[in-house]
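A.B. asks: Line order of the protein sequences matches chains A and B.
Counting from 1, position 233 in the first sequence corresponds to residue 233 in my numbering; the numbering is continuous, with no gaps.
Counting from 1, position 209 in the second sequence corresponds to residue 209 in my numbering; the numbering is continuous, with no gaps.
Note that these hints are calculated values from the structure, not bench results.
There's no promise every hint is true.
What the hints assert, rightly or not - These stretches of chain A come out as covered by chain B in the derived footprint (C-beta under 8 angstroms, 3 or more residues):
#1 88 to 96
#2 171 to 182
#3 363 to 375
#4 388 to 394
#5 450 to 457
Remember, predicted model here, so these are calculated numbers, not experimental data.
We put the beta carbon where it would ideally sit given N, CA and C, even for glycine.
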Amino acid sequence: MQADSARFPDNVAAARRDATLLGALDRLQRDARAGRVETVARLPEFEALRDAARDIRNGALANLAANLERFEANVVANGGAVHWCRDAAEACEAVARICREAGAKTVAKGKSMVTEEIGLNAALAGAGFDTVETDLGEYVLQLRDETPSHIVIPAIHLTKDQFAETFRGAHGDLPADRSLEEARQITDEARCALRDVFLRADVGITGANFLIAETGSVAIVTNEGNGDLAQSLPRTHIAVTGIEKAVGTVEEALTLIRVLARSATGQEISAYTTFATGAKREDDAAGPENFHVVLVDNGRSDLLAGPKREILRCIRCGACQTVCPVYGAVGGHAYGAVYAGPVGSVLTPALAGLEKSKHLPEASSFCGACEAVCPVRIPLPRLLRMWREDAFQAHLGPKVMRWGLFAWSALTAWPWAYRTAGGIGGRMLRLMAMGRGRLTRLPFAGKWTGGRDLPVPEGGTFVGKWHGRRGR
Amino acid sequence: MEAAQERPAVGLFATCLVDLFRPSVGFAAARLLERAGYRVEVPRAQSCCGQPSYNSGDRKAARRGARRAVAAFETFERVVVPSGSCAAMFVRHFPDLLADDPEWAGKARSLAGRTYELVDFLARVAGWRPDAARPPSGSVTYHDSCSGLRELGIREQPRALLAASGGPELREMEGSDICCGFGGTFCVKYPAISEAMADRKIDSIEATGADAVVGGDLGCLLHIEGRLSRRGSAVGARHVAELLDAGEG
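Here chain B stands alone, though its shape is the one from the complex (with noise of 0.2 angstroms):
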């Protein structure tokens, strides 16, 4: 945990699905860091890690994709990111991709090593807990997203957020840690795939009668919150940091 006098300005990267979608999640995001006592800066030179590049194996453009985002954050401590699948591209995947390109290996490595997801960084770095005045009330489940939990181990950090925040009660589902299905472009390249994940974690999730589903990465939530829809069903989808910062302030 850092010692709060030496708190550094943190980088929020928004990931360009919050950037374009939900614009709302990359400012509760920015609240949650100041009140955890950082000081919040949003470069204007981020737009996308190159994830879907990447993952549609275009390597050269996930490179350009990565050096872009290096360059647009080599000056910050700590760099801070709402989507577990975004932030792995930093922390796992930009230091492998630029492994063997002299100018920027190190400077990836680096930035690998100060960049976090959003809840582990409140949960772990800054050492948060929430303190509302009136926090939400009602029910909610947790999906874990899969980069986040197996690619950076973020599965206790958002469970012991919501526990102290007082607000909705945590309703386990059974398989939370089972994919949803979204996959980036898997979810348009193979549809009935998708939805066949998306439906399967769906009736997961309504087993638990929770009004909404709740988790760290907007892909999922935006894919979940489609298919829910679609299916006619009442349950909502949100992200954490907008369900932390709700009863806040």
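Extracted from the complex, chain A is given alone in its bound form (with noise of 0.2 angstroms):
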């Protein structure tokens, strides 16, 4: 199923009767959201972290050109090399260049999201390179020509039986009898056919989780330990981020992964934190002789001068996600974006226009549980209401949805009107009813009826018997 966004409803119901993947988004729901709230009572700063993490994250951004201007400056004194991209297009040009330059045959690449909003890896097929995804999920995904459904655990939606079977088909020079059941026997043999990509590897690319202006280093954090070989054992670094992944201090990039495991995966810190600063040195034992960062505006700069610039905060840890009602009952895929989920609906709009995705501001029941876990404390409920008035000021929404709700309005504006109204449609429900406490049909009322019976009213209004009963 190729999703885009705009073909969101049949996107959800596809979801709806895929078995395999509504079991894996219980799973998830059920095991990640405990998962964190445990980690999270075992820290009680942590409240108070999310509130440094927001103040960090805001400062950053307030002084988002100077960062900018300062890491540039560091990294070119430690000998790499800034490259500033205006959009998807100038981003991958910059890469495919680099690795042309390098004479490049392989590249190896640690897991990035940035680079899949840029669609980084079709860019660098036509160029002619072998690009590896090295990261476990997004491995496999990769061979099955599938996008990540999830920030952070990209291949949420298949089982460790699909893992398996995508193996059996791709690695055709091991024997057909090998057991595959155990994840261990899985990730073995990724780790072998991986290992021969790391070495092979002229080029590696990793995104980065924070940029840190003052000295120039860049910071992954990772648990499968992928980014750091890819981003060490081959002659070529290229680091592919957003500009607003800045921030000014060490320090400041430490609270911030503080909080960014703990939302993420629930754990206290992921396997692997590294800080990538410069090229190799003529002393370091080892390193790559070139280093790159390429730095991605794709709209970043239009959202920090606009109303919804606090969605420039996040910190990518996926928390909003995994909490989301919506996202656990149709998965990453539906979404038809690179980025699903709360904080997907927030930016799939700057990034491919409202128009195409228009339903996700939409599709959220405004539940808040996703601004209740951010981590930075983006108001996700909020930046997507914006984006509702965006859409309601463009007349994006359907018809029959602006004449109901501008009929309700009218109606109540005129509180006597709205109340007779009420009554006689209320009456009139009873009538259809028969004496029964519900309707199971209802014409123009099929949205509702379709999956739910309609409680019928009791009868009257509460402000007119309570004026009648009372003599008041």
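Using the hints, build the complex out of the two chains.
C.D. replies: Given below as structure tokens:
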């Protein structure tokens, strides 16, 4: 299924028929939810840390230009280069150019959502490079020609058996009768396949969790260690990331790291936290000879200048996806966008245009679970509502909804008329129900009665009865 | 807590769903407030708080709704709403909606400070505790509606009152704080998602073996009740005001 945001309702219907997906989502929401709650409970100052993290991100965004320039100066001083890219095409071209100059054949990739955002793998394939994802989940997705469905758990929609089946198809040189029952056997096989890639690769590409202005460092946090191999074994390391990732100091980054893993996976800290600072120096034992940072704007400057700038605080922990009951009902692919879930429903209209992604801000019950877990306290429902306001202004919603709301809003402006009409409507429903307490079908209300009965009004209105019966 | 002799008249905002679907919830709320020592008034000028427009992006219509509600309740020292999501409109969203309106901004902020969700008001402001002669028996499970829980901090209040009532046994469900999928217009814009969320909620409700699910928001309850009924479940759905009122008097 080639999903896109414009076909969101179709994507939802397909997702609801996919029993494997629904099982995986149930497990994610039960286990990951509990994991985060437990870890947070062990850290009494977690709420204060969230405040600090929010303030650090706000400060970093307020000083973004200065932070980025300082970052660039330090990268250059450490023997690296920074490439400023306005959009996806510029960023892909910058990466391809570096790969060409490095005479690369094989490119090893660490996990990076920004490279998904700019479509880097397709661009590199088109330019003739053999690009291999080295995060286990991303590797399986690449073999299956699928996209990540969650920011930090990209293959959450797949089962262990699907991993095994994919490996049997891809690793034809291995004995067909080998066992891939255990998770351990699957990871061992991936390790062997990927080790060769790391040793072969001419270029390693990673994302960045944070860019540190005072040192010119690129910080990544990972669990598999593949990011470290990808950025230290090949001769050339390219970090590709969004401009909003810059913070001022190492200390600021460390505070953010304290909330990141706890929010993302319920771990106190990820297995690997790595700061890459510049190219290999003469007396360094190892490291890349060439160090490049590709900074991607792709709409971020516009977001920063507008009313939805708070979304740029996001540190991509995925907690809002994991906790979101809508995400839990449909999975990440239904959103038809690189970033799924609440954060994606705010980002996608900015990246892809509101008209193409108009369903996403609407597909929220505004339950607020996302805001309640966001480590940098992004008011996600408020930002989604802003998109709804933009969509309303642009007349993007269904006409019937618009007219229905207009009629309701006009009626409620006249409480007497509203109550009279409401009373008449209630009487009609009672007549149609013929003495039963609920209606199972109702013309023009199929969206409700398709899956729910409609409890019938008791009769009369509260305000009318109150003033009638009590004579007030 | 307010001293008994100083208790001012309370303005009751019924909410459109109680007004049009379940007047009995409004009467139950009024009786509870009267038992807590307040005189209850119900302004005729009330209708809808404007939340459907607000959440559908029609800010202009939402501001009209906000101004209408602010005007209708301007004279009350205390305003009580038997719904967390409508109360949150008064408390959290009216001040924001009317912030740049010089005539109404101050009034909206003032009303926000005087408005309470019903159970929160009874438990915290009135310090009321049920003293029913014949409290209802059986067992219930409590659904935390999202706005009341996350925008107004209502979690312990209904549980404290239910426990003090000596009434039905409270059996906590797994994920009582997870959205039921109502979400106002969301439930008819994306019914497939809304129903999936309701099913997850109902699975948790049924796992407790409780006779009924109780909550503070009629929107959630009508939605859950409608889905329970469609699934052929025997579990009922009741507003917490009805339950607290049931054994009284």
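A.B. asks: Each hint should be assessed against the structure and marked as holding or not.
C.D. replies: For each hint, the structure was consulted:
1. 88 to 96: violated (count 0)
2. 171 to 182: violated (count 0)
3. 363 to 375: Our answer is that it holds, as 9 residues pass the Cβ test (under 8 angstroms) against chain B, meeting three.
4. 388 to 394: holds (count 6)
5. 450 to 457: With 7 residues closer than 8 angstroms to chain B, the stretch 450 to 457 of chain A meets the three-residue bar; holds.
In summary, the structure is inconsistent with hints 1 and 2 from the numbered list given earlier, while agreeing with the others.
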